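Novice: Sequence:
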Amino acid sequence: MERSKIQCLYDACTRVFSDREPPTFQKIQWLRNFLDRIEAIDVGIDEFNSEGSPRSWIDPSSPNARKELICGLTVTEITYIHIYQSDDFSQIGVFCFPAGGKLPLHDHPGMTVLSKVLYGSVHVKSYDWVKARTASSRMVGLASTVTDGVIKAPREASVLFPKSGGNIHSFTALTPCAILDVLSPPYSDEFGRPSTYFSEIPIPSLPGTFTHEIGRFR
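Take 0 as the starting number for the sequence shown in numbering that gives the first Met the number 0 and just add one per residue.
Hints are computed from structural coordinates only; laboratory data are not their basis.
These numbers come from a predicted model, not from an experiment.
A portion of the hints provided could be inaccurate.
Below 25 Å or equal to it, Euclidean Cα-Cα: the simulated DSS-like pairs (lysine-lysine) are [stated by the list, open to error]:
| id | residue 1 | residue 2 |
| --- | --- | --- |
| 1 | LYS4 | LYS26 |
| 2 | LYS124 | LYS101 |
| 3 | LYS26 | LYS101 |
| 4 | LYS4 | LYS151 |
| 5 | LYS151 | LYS130 |
| 6 | LYS124 | LYS162 |
Restraint-style ranges between C-beta atoms, simulated for each label pair [said to hold, decoys possible]:
| id | residue 1 | residue 2 | range |
| --- | --- | --- | --- |
| 7 | PRO203 | THR146 | 37 to 43 Å |
| 8 | TRP29 | VAL149 | 24 to 30 Å |
| 9 | GLU76 | GLU189 | 39 to 45 Å |
| 10 | THR73 | GLY191 | 37 to 43 Å |
| 11 | SER143 | LYS101 | 20 to 26 Å |
Positions of the beta carbon are idealized from the N, C-alpha and C atoms, including for glycine.
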């Protein structure tokens with residue numbers, strides 16, 4: 000039986016993230032190619048509720064059961080579609096946004112994240128810390144802007160790293176949209192990887208902003 004695109008992505012993630020050492024840039028780029036092949040229909044989303052499209056799909060995590068497709072245009076609140084999770088990498092999942100939906104500014108401490116916009120348009124703001132952060136200094140600090148613009152599908156997958164690429168970011172959906180995420184390693188309070196929400200305070204005289212902790216989630 001031919002493997003689905005999602006199964007191929009999962010197998011690739013297992014190969015890249017199973018080693019004890021952080022993956023090389025070359026391995027991340029290889030993995031990125033698998034994300035670029037994924038379309039909304041591969042994760043159970045029919046963007047337009049198109050006439051003639053299938054009404055259900057086979058979830059790779061439950062191959063013996065068919066599930067009804069989600070119509071992207073009818074999503075009224077931010078919805079998370081869980082696909083896979085393992086001890087080696089945090090998760091594969093999809094965030095579905097209605098137009099105007101916003102995921103506030105948050106970070107991914109010590110993590111590598113690959114993301115792909117499957118359909119629609121989203122405004123992305125992202126930052127990296129100007130100086131390396133420690134657990135005791137994460138309440139407030141100076142961060143420089145990495146991205147402040149619109150990403151519109153189709154677009155190749157993006158990658159953020161623990162200290163570069165826009166590890167602190169927010170999303171605001173301009174149209175109904177969906178974002179496929181692969182995260183590694185997992186969020187963990189125990190190992191100093193909590194996820195933290197931030198607010199931003201512009202500094203006109205400096206090319207960056209102060210970001211201030213406003214809460215945590217797991």
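Novice: Look at the Cβ atoms of GLU76 and GLU189 and judge whether their distance stays inside 39 to 45 Å.
Specialist: With a Cβ separation near 31 Å, GLU76 and GLU189 fall outside 39 to 45 Å, so the hint is violated.
Novice: Is the straight-line distance between the alpha-carbon of LYS124 and that of LYS101 25 Å or less?
Specialist: Status holds; Cα separation ~11 Å.
Novice: Do the Cβ positions of PRO203 and THR146 conform to the proposed distance bound of 37 to 43 Å?
Specialist: With Cβ atoms ~20 Å apart, the hint is violated.
Novice: Does LYS26 sit within 25 Å of LYS4, going by the straight-line distance between their CA atoms?
Specialist: Holds - the C-alpha atoms of LYS26 and LYS4 are around 18 Å apart, at most 25 Å.
Novice: Taking 25 Å as the top limit, are the C-alpha atoms of LYS4 and LYS151 close enough?
Specialist: Holds, because 22 Å separates the two Cα atoms, which is no more than 25 Å.
Novice: Hey, LYS124 versus LYS162, does the alpha-carbon distance stay inside 25 Å?
Specialist: holds (16 Å)
Novice: Can you confirm whether the C-alpha distance between LYS26 and LYS101 stays at or below 25 Å?
Specialist: Roughly 31 Å between the alpha carbons, so the hint for LYS26 and LYS101 is violated.
Novice: Could you say whether the range 24 to 30 Å given as a hint is met by the Cβ separation of TRP29 and VAL149?
Specialist: holds (28 Å)
Novice: Holds or violated: 37 to 43 Å for the Cβ distance of THR73 and GLY191?
Specialist: For GLY191 against THR73, whose Cβ atoms are near 40 Å apart, the range 37 to 43 Å holds.
Novice: Holds or violated: LYS151 with LYS130, Cα cutoff 25 Å?
Specialist: Cα-Cα ~31 Å, so violated.
Novice: Starting from the range 20 to 26 Å, see whether the pair SER143 and LYS101 falls in it by beta-carbon distance.
Specialist: holds (22 Å)
Checked against the numbered hints given earlier, the structure breaks hints 3, 5, 7, 9 and satisfies all the rest.
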